[in-house]
Structure formats: structure tokens, C-alpha cells
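S.K.: Below, each chain spelled out in residue letters.
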Amino acid sequence: MSWLHIMVLVPFLFAIIVPVIYRMVTPRIHTGWFVLIVPSVIFLYLLKYIPIVSNGDSVFISVPWIPSFGINYTTYIDGLSLVFGLLITGIGALVVLYSIYYLSKLKESLHNFYIYLLLFMGAMLGLVFSDNILVLYVFWELTSISSFLLIAYWYQREKSRYGAQKSMNITIFGGLAMLAGFIMLSMMTETFSIREIINQTDSIYEHSLFLPAMILLLIGAFTKSAQFPFSIWLPDAMEAPTPISAYLHSATMVKAGIYLVARMTPIFGGTAEWFWLVSSAGLVTLLYGSLNAVKQTDLKALLAYSTISQLGLIMSLLGMGSASLYYGRGDEASMYAAAVLAAIFHLINHSTFKGSLFMVVGIIDHETGTRDIRRLGGLMHLMPISFTLAIIGGFSMAGLPPFNGFLSKEMFFTAVLNASDMSIFSMESLGVIFPVIAWAASVFTFIYSMIIIFKTFTGKYKPKKLEKAVHEAPVGMLVPPVILSSLVIIIFFFPNVLSQYILKPAMGAVLPAYSQPGEIEIKISAWHGWNAELFMTIGVVGAGALLYLYLKKWIGIYSIYPYSMTFNNFYNQGLGKMEDMSFSLTKRYMTGYIRDYFVYIFTFLIIIVGGSLFYFDGAAFDASNNAPVSIYEGVLIISMLTAALTVLFSKSRLTAIVAVGALGYLVSLFFVIFRAPDLALTQLVVETVTTALFLLCFYHLPEMRRKAERVKFRMTNLVISIGVGAIVAILALSANGTRLFKPIAYYYENSYELAGARNIVNAILVDFRGIDTMLEIFVLGIASLGVYTLVKLRISGRGKSERAK
Amino acid sequence: MSLLVGLFFAIGTYLILTKSLLRIILGTSIISHGVHLLILTMGGLKTGGPPLLGLQDLPFTDALPQALILTAIVINFATTALFLVLSYRAYKVLGTDDTDQMRGNHDE
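Here the protein sequences come in this chain order: A and B.
Take 428 as the starting number for the first sequence in the working numbering and just add one per residue.
Take 696 as the starting number for the second sequence in the working numbering and just add one per residue.
Because the hints were derived from the structure by calculation, they are not lab data.
Careful, some of the hints might be misleading.
To be verified - Taking lysine-lysine and the DSS-like style, the derived pairs with C-alpha atoms no more than 25 Å apart in a straight line are:
id : chain 1 : residue 1 : chain 2 : residue 2
1  : A       : Lys950    : B       : Lys787
2  : A       : Lys1014   : B       : Lys787
3  : A       : Lys1219   : B       : Lys787
4  : B       : Lys714    : A       : Lys1078
5  : A       : Lys1139   : B       : Lys787
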């Protein structure tokens, strides 16, 4: 265990003591202040790795967990995981600070909230720092679960429950697909370590499982990162409290899919399938998200769609960057490597400006009581600071200078323009689509960014539609978005510092050819002459501004697309259908009649035992072990048959009981013949007591009525019972005919020396297998307790009937 | 011998599949007899004297199945007793011994 491992575990450990803290300090101090310590400390701790990682080194510490299966708890820090680790803890600290003011310490169940939050934080840290794919998978599912819990935090609302369930269904589905992909990967390479898999990339490329594993992994990544068409869960996840939306559903968890794609790029990248799957999914999502965002009226839904679209942008950049691996090194390779750098750059930028926008929306919601832009407007003078923050975040998202979004947007345009010139992967004919989609999506991105800013803050103030008197938020709530917004501006002016220490090492992790510093020179600058990218941006601003001004004229075209064709509708319908189907299916065989269940059990016995006997050719008859039947035995068998048949056909219960008793005595006689004196004795005693018991109850039990049962009913019974009988008979014969082992009874021959008993059976029971006998006595004791209570207990009314059921 | 075991099982199964509680109990009894004989058969029949040392210098029968059966007999006794009392109780409370009528509400 190193400090690094402990850092990953700290959130989990702290989550355990959160309820204690909550109980101690409420209502004096907000629990969040204590929770705040955790992400802050981890953040500061992780900072110390920046110099190491920026030198091109990585840290690798392994602790065996389940060594027999090759599963180790291995933490691995390189550029990529460090970026994520810093984001998780940095944004995490800000979000916790924000939540202190967002959630009331009196009304909310804060301990639940912070336990889930810490659970998520730990899971996410574990995810990005683990090198073992199975451990990674476990943490991956933990993030899904904690996301589910956090979305359903206000579980009394129906929409929260719906959104939570939806996100759970979709992300867990993807997670399972990913698990299958991981297993295929480990089958191909015979290791669970990502680094070792990367070393074997060349050898698995031709493997037949290569493509299935790639597709399954991508399903996992796309569900998590809300890529089209799995994106439908993200807007519904907005029912979570706003700090959670800012944290999980824009800054960190949804980027786990991006992380996975980036992590797997050295393995799968450089192939045409990977390039097309990742970049086209990204581009489609980019367009889909930005188109849908424009029509939203709920601010958080708008931000959700914009997150979808931005995630698509990052995904497509990673897809285009994977082409670098095809070229290996050289000018073309470094041209596409710039796309990977842009992806990571935009990832960070997105977290800053989107996090700050979410917090602003949370402030608006908190102060006005609504997030509906039709009811908002004219808040500029009432909330000047929030307005400034919204402008910074919104303009950055729209890709305007002087904000960091401008830089990464320009790099995105460079990447799509480069990609359209690409001469591999049949891009010659299709490449031109890339810049077109990118440009169109950027226009809509511009429009919805403007909607967020101007629809809420300018225009007419409508106090009558609001529930509260509006004023600026408390200072504490403004601090986190102010920090994020200042980062937005600082990054714009000093992008190359960030690039040197954080972005390039991360890129080196994605593209191993550039893992050493100084191998590639990519300068991020705001001004690079009058080139195509700049004209594209100007075009975006112009077209976007025009369309925004005439929004009312064309917004109606959205209603043309029918709801019944949306994926949301498919999801709801599909879920409903599945529930109905399984209900009716279950209803069909779970009849509630005990006899039916017996029929199932016996039928399966016949099928499985009989089937396996037949299948494995197990039915063997060997008469050599059989003992000859003497006259005594013949008589005994005949009388037993008679007794058994009497039970079957007797009309009177007395006859039946006596016949069963007789059967028992006959069995004990059998034991005598077969040299088992102890058994005979026991059987005699037990049979006597049992018969006495039967007769005791006989007095109370009703006459055995032979009901007019339907012929079909009785025929079924007959067939099944004959089947069971036949199967058991065959089984017994085969067991008799097959001797695989020497009997182990000879080991007990020295029972006299060991146990001081001449009776071997007794020695076995009380000495060699004494624990068994003790448990047997337990069973007897429990049964007698049951009998006693059933006889003595007198429960009145309801309890009685329930017991009888 | 094996055929006898099979027949026991057949009869027991048939009894269990009927609706009367008493017959079900009798059925389990018969099946358990069948089980005992089955275990005994598996150990091999009449291959020697009783498993008592010092009685005679003969090879004795396999003692292990006997020990198992002994346990089974006792457990069987316990379950039969419990079952019997349970059905007695059910009959007292519900006034029927038909498993179909004992079933709860239809919309459960």
C-alpha cells in the first residue's frame, strides 16, 4: 500500500464516518465543510505528480488483490489519468463548496448526499488510476451506481426515479458490454493489465476477436459518455441536484467514456474501424446534441443537450487523432496528434465553462424558483455577478475570444480540415462531410449559448411568474463559479503552460510515440493569421447571430419531427412492453397451485437426470454385483409392494396410515437381512413413533375424500410418477453396476484403535463424523420446537391465517 | 431391489401430486423409504457380515451407507413430524386439507 492507493480509498473511508459527523454537527455546521477536506487534500497531493509526469515518466504501484486470478490493485499515473484525477478532485472540491450553499442543512438529508458523492469520487479516482481492466470495470460500475443514487436523491419525485432508472439501465447495459469486451481482450493477450495489452497490440490485430472486442468496448464508452443514440439518459439525469449535474453529468462521470476511448486508442487506434466508429459517433452526437439543445426551454435540459454535443466533439477529436497511430511518426502523424491534444484541451475547457454554467443555472434556480426560460428574463440588473459569469461561460462555449473555448474550437476546426484532406480510410470521398457537420453544429452551439445568456438575463423582467423575490446569490455560492470562470480566461492567455505540463503528457499516454517530452511541437495560439479556421469562426458567429435573432420564425420546424420516432419513445415503449411480457409470462407458470410446482420439479428431475444419463451414456447394467434373491427377500418384496399399493389405492385414511407403518417395518426387516442391525433398530423405533403420531393426528384430520378429479389431472400425475420411478430405478441399477472407486469403508476398520468402538457405524456417527451428528441433533431440536409451537401457539385472527398460508 | 426403489419413488410421487395433505405426507414417507433403500443398494448388498468388529473374521458390509441412512432416518422422522403437525394446524385454521383451496387470493 502506498499513499497513492490510500488516496483512492480515502473517499470510501470518509464516507463511512459521514453519518457520524452529520449526527454530531447538525444543525450547527453544514456537513459539507468536513467533506470539502477530502477532495482538496487529494487535489493538492496529485499536484505533486505534475512535474514527474511532464517529464514523460509514469508512476506504477501494484498491490496484489486476488493474485490467483491475476487481479492486482494497480495504480498507474500517467498524463491521461492525472488530468482526470485533477479534474475529479478539483471540480469535486468546488462542487462540494457550492453544495454547502445550495442544499439546506436543515431540510436535506445531507449525509446521504455526501456519502453518495464520496462514493462516486472514490470510484471515479479508482477508475482512472487503475491499470487492471477488471478493477477498472468494478469502479466503472460503481460510478454508475452512485450516479443512480445521486439522480434519485430527491426520490419522492417521480421524474427523479424515472431518470435514475433510465441512466442505470443504459449505463449498466453498456458496462456489461464493456466487460465482455475486456474479457475478449484478456483472452487475446492473456493479461489483465492495460499496459501489457498495449505492448501486445501488434499480435492481436489479426485476431478474430479484435473487432467484437472493439465494438463492445465502444458500446460501454458511448453509453457512459451519452453518445448518440445512447444519449437519451442524460437529459433525464438532470433531475439530480444541480451540484451533481455539474459534477457527474458534465465534468467527470460522462467523461469516463472519453477516458476509456483515449485509454484504448493505443490498442485499437490506427485501424479504419476505430477511426470511423469513434469519429462518426462523435460527429453525429455533436450535431444531434446542438440541434436539440436549441429547442429546450428548461435551462438544465439545454445544458444537458449541450453537454451531449460537446462530448461528441471530444469523441470525434479522439477518433480523428487515432489516425496518427496509422502513420506512426512524421509530419502527418503529428498533424493528427494535434487532434488528440485538442481533445484533452477541450475536455478541460469544457469542464471549466460547463461547470460554471451549471452553477449559474443552479443559482438562478435557487434564487428564482424556476429554470424555465419562458418565465425568466431581465435578471441582468438583479444578478450582475451571475450575469457576468454566464457571459464568460456562454461565450467560451460558443467559441469566442478571449475565452478558452475559442482556442479549442479553433483546434477542432483545424482537425476537421486536416481530416477532410486525409487520404486513408476512404476519406477521399467522405472527408468533406467532417467540416460541414462541424461547422453546422458550431452554429447551433452558438445559438444555444446565446439563449442561455440573453433569454435569462436580458429582456423583460417578469416578477409575476416567479415565486420568489429575486436577488443575487450568497457569496459562497458565487465563489466556485468565479474560480472556474477565471480559469476560463487564464487558460486563454496562457494555454501553452497548461499544454506543457498537462496536455502533452496526456497526449503521450494516448499516442505512445509521443510519450517523451520534446518529441512534438504544438503551439496553441489565439492568433494564427487569416486562415480557414478563422473564417469558419467568423461564419459561425455571423450565421449564428442571424439565426438567433430570427429564432421565433424557424423554431417551429422542431415540432415537425414526431415524438413517436424519437429514441426516448422507443426506450419507454420497449421498457413497458418488456415489463408486460415478463409479467404475463411469469403469470402463466406461477399459478399459485402447489401441485403445479411439484409437477415442474419432477418433470425437470426426469429431464435432467434422465437426459444426462442418456447423454453421457451413464446407464450401465452390471449384474455381477447383484446378490441372488432368496426366498425371504422375495416374500418381503412382495409384501412391501402390497403395502405400498394399499397406500395408493386405499379409501380410508386408517388403512393408508397402517399400510405406511407396515411398509416401515418391512424396510427394517430388510435392514436385518442386509446386515445392518443398527438401522433395523432405529427404523423400528422411528416407525413406531411416526405411526403413533399419524394416528394422533388422524383424529383431527379429515376423511380422505377421493374427489372426482379430472382424468387429465390423474393421467399427468401417473405419467410423471412413472417417469420418476423409472429414472430412479435406472439410476439405482446403474449405480449398482458401476463402481468407480474402492469403498472407503476400509479406512474405518481401525475404529477400535482410534475410537474405542467395535460398532463401526456408531464410531462413524459419534466420532469420525461427529459434527454431522451434532447438526442432525440441531435439526431434530428445531423440528421439535416447530412442532411444539404449532401445537401450543394460539394466535388469533389475522396472524393465524397468515401462518397457515 | 432397484426396481423396488423405483416403484417406491413412483408411488410416492403420485401421492405427492395429489391434492390431499395427508396423502402428500404419506408420499414423502414412502419416498424416504425409497431413498434409504437406494443408499443401501449403492453400498452393495450382502457382501459380508454386519459391521461389528470382533464378531467374526469375515469381511463386513460397507458401513458408510449405513451411517448415512441412520442420519437420514432420524431427519426424516423430524420432518415428517413437523409436516404432520403443520398440516394439522392448517386444517384447524382453514378447515380444509385441499392444497388448492388453501391457496391465497387470486390477485396475489
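S.K.: Run through the hints listed earlier and report the numbers of any the structure violates, in increasing order.
M.R.: When the structure is compared with the hints, numbers 1, 2, 5 turn out to be violated.
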